Amino acid sequence: NAGVTQTPKFQVLKTGQSMTLQCAQDMNHEYMSWYRQDPGMGLRLIHYSVGAGITDQGEVPNGYNVSRSTTEDFPLRLLSAAPSQTSVYFCASSFQTVNSPLHFGNGTRLTVT
Amino acid sequence: SQQGEEDPQALSIQEGENATMNCSYKTSINNLQWYRQNSGRGLVHLILIRSNEREKHSGRLRVTLDTSKKSSSLLITASRAADTASYFCATVNFGNEKLTFGTGTRLTIIP
Chain A
25 NAGVTQTPKF QVLKTGQSMT LQCAQDMNHE YMSWYRQDPG MGLRLIHYSV
75 GAGITDQGEV PNGYNVSRST TEDFPLRLLS AAPSQTSVYF CASSFQTVNS
125 PLHFGNGTRL TVT
Chain B
-19 SQQGEEDPQA LSIQEGENAT MNCSYKTSIN NLQWYRQNSG RGLVHLILIR
31 SNEREKHSGR LRVTLDTSKK SSSLLITASR AADTASYFCA TVNFGNEKLT
81 FGTGTRLTII P
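In order, the protein sequences belong to chains A and B.
Take any residue in the first sequence, note its place counting from 1, add 24, and you have its number in this note's numbering.
Mapping to this note's numbering: the second sequence position 31 is 11, numbers consecutive.
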């Protein structure tokens, strides 16, 4: 099993550009989530999904969109990138809910200039 | 806003010593989890402790939970160089599908 796979690993965008961060898991997990990690801030929840077709906002959702059309995939879209979105992004999944351990991908390091 | 806050922010100890990290949180929880993050990598789950549990063990790891004080501790015994990493606590509130992380403790094991 590959676990949680994130692509790309690194990305540089110019302000105003759009892009999609990909996340896929092969563990048949219902729960998936996106976090961003900034120095001194820990991880902050952006969006999460408790199953296909269901998404909800986390702590810092502004500027990001998500969809969950399949159990396996949970892409994160930046519609118009801003320098404040420079961060490391982590996707994570768990078997049912956050009452079971999260499995993390290795992250996408995004720089917006 | 952060639910969990780890203390200390950074800790350096000699290999073989024990390392203790603390986590305090603000509101009632369903469970509390500890994760490890090696430099440049994703987080790895260590232990999950539920609100009705007081202590859990996993190998050299021991986690305690005191809900009356809204605090938890992670003890790593007989530390090794490979334990060098950042350690995060994370909490889940009742009726909530969100796992909220603290800012982490940076642990350095000196060979």
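Just so you know, these hints were derived from the structure itself, not from any lab.
Quantities reported herein were computed from a predicted structural model and do not represent experimental measurements.
Here a beta-carbon is modelled for each residue, glycine too, at the ideal position from N, C-alpha and C.
Just to be clear, a hint being listed does not mean it is correct.
Incomplete in silico selection of chain A near chain B, CB under 8 Å [what the hints assert, rightly or not]:
hint, residue
1, L69
2, Y72
3, G75
4, G77
5, G82
6, P85
7, F119
8, T121
9, N130
10, G131
11, L134
12, T135
Now for the hints, and whether the structure bears them out:
1. L69: 6 Å, holds
2. Y72: At about 6 Å, which falls below the 8 Å cut-off, the nearest Cβ of chain B leaves the hint on Y72/A intact, so it holds.
3. G75: It is violated, given that the least Cβ distance between G75/A and chain B is near 11 Å, above 8 Å.
4. G77: 15 Å, violated
5. G82: 6 Å, holds
6. P85: 12 Å, violated
7. F119: Violated - the Cβ of F119/A stays beyond 8 Å from chain B, reaching only about 12 Å at its closest.
8. T121: At about 6 Å, which falls below the 8 Å cut-off, the nearest Cβ of chain B leaves the hint on T121/A intact, so it holds.
9. N130: Holds. Min distance 5 Å.
10. G131: Because about 6 Å separates G131/A from the closest Cβ in chain B, which is inside the 8 Å limit, the hint holds.
11. L134: 15 Å, violated
12. T135: At 15 Å from the nearest chain B Cβ, T135/A fails the 8 Å test, so the hint is violated.
Checked against the numbered hints listed earlier, the structure breaks hints 3, 4, 6, 7, 11 and 12; every other hint is satisfied.
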